[in-house]
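Peer 1: Given these sequences and hints, build the entire structure.
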Amino acid sequence: GAVVSQHPSWVICKSGTSVKIECRSLDFQATTMFWYRQFPKQSLMLMATSNEGSKATYEQGVEKDKFLINHASLTLSTLTVTSAHPEDSSFYICSARDSGGRSSYNEQFFGPGTRLTVL
Amino acid sequence: AQSVTQPDIHITVSEGASLELRCNYSYGATPYLFWYVQSPGQGLQLLLKYFSGDTLVQGIKGFEAEFKRSQSSFNLRKPSVHWSDAAEYFCAASKTSYDKVIFGPGTSLSVIP
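Quick mapping for you: the protein sequence lines, in order, are chains A and B. Each residue of the first sequence is one higher than the last, beginning at 1 in this note's numbering. Each residue of the second sequence is one higher than the last, beginning at 1001 in this note's numbering.
Result set (EDC-like, lysine to aspartate or glutamate): computed pairs, CA atoms no more than 20 Å apart in a straight line: (1) B/Lys1100 x A/Glu59; (2) B/Lys1061 x B/Glu1020; (3) A/Lys41 x B/Asp1008; (4) B/Lys1061 x A/Glu107; (5) A/Lys55 x B/Asp1099; (6) B/Lys1068 x B/Glu1020; (7) B/Lys1100 x A/Glu52; (8) B/Lys1049 x A/Glu107; (9) A/Lys41 x B/Asp1085; (10) B/Lys1100 x A/Glu63; (11) B/Lys1049 x B/Glu1064.
Now the in silico label distances, taken between C-beta atoms and shown as ranges: (12) A/Gly61 x B/Ala1029: 20 to 28 Å; (13) A/Pro40 x B/Gln1002: 21 to 29 Å; (14) B/Pro1040 x A/Glu63: 27 to 35 Å; (15) B/Pro1079 x A/Lys55: 44 to 52 Å; (16) A/Arg115 x B/Arg1069: 33 to 41 Å; (17) B/Asp1054 x A/Gln42: 31 to 39 Å; (18) B/Gly1016 x A/Leu76: 41 to 49 Å; (19) A/Thr117 x B/Pro1079: 38 to 46 Å; (20) A/Glu22 x B/Leu1056: 33 to 41 Å; (21) A/Gly61 x B/Thr1005: 19 to 27 Å; (22) A/Gln60 x B/Glu1015: 37 to 45 Å; (23) A/Arg115 x B/Ser1080: 28 to 36 Å; (24) A/Leu26 x B/Ile1060: 15 to 23 Å.
If you are wondering where the hints come from, they were derived from the structure by calculation, not from laboratory data. The beta-carbon is built from N, C-alpha and C at its ideal position, and this holds for glycine as well.
Peer 2: Laid out in structure tokens, this is it:
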């Protein structure tokens, strides 16, 4: 149980285009989801907290107009990288808290990540 | 500022040997503490977590961690490492049960036969 999926698992796009990444909680409802960015051999950096039905909360230094987050349902959050550039190439990971109670002690369930390469 | 540090960037151990991964935190009070493992192509998996109670916490896959308030540490241990334990290990913490989680830089574990 507590499975989180991400789609696509990898994507290559041209500079200037937009890319949408989906994060789904498959067997639980998640009012709160998180988006992280991970550079090679580095830790996870929280980009934003996504709350169902409301605006996302972005961490300092994260451009909200560039990284659009939508959390339209209790099982789906999307991250859209707008006008992507090579420096946006990274590994993007989402996680979710189980609203039904399995997330005791603030446990998050993680997706497998999406590798974005911008040419 | 709140932070989580993992002093060891990379550790190599022989299969069957014991393992200890170090983690230190800097928070005003005892935070919620976690250890996650990240294997290639897979999402992060929670190994164990701690907030209060017994300072020795048992987790999955034979891992345990010990919370030491005096040292602000939460080190991960395993008595006998298996080759499948090779992965990236992240210590993490949050101030409260609903606050954002801060991850340490990670420790890469290699296991040699």
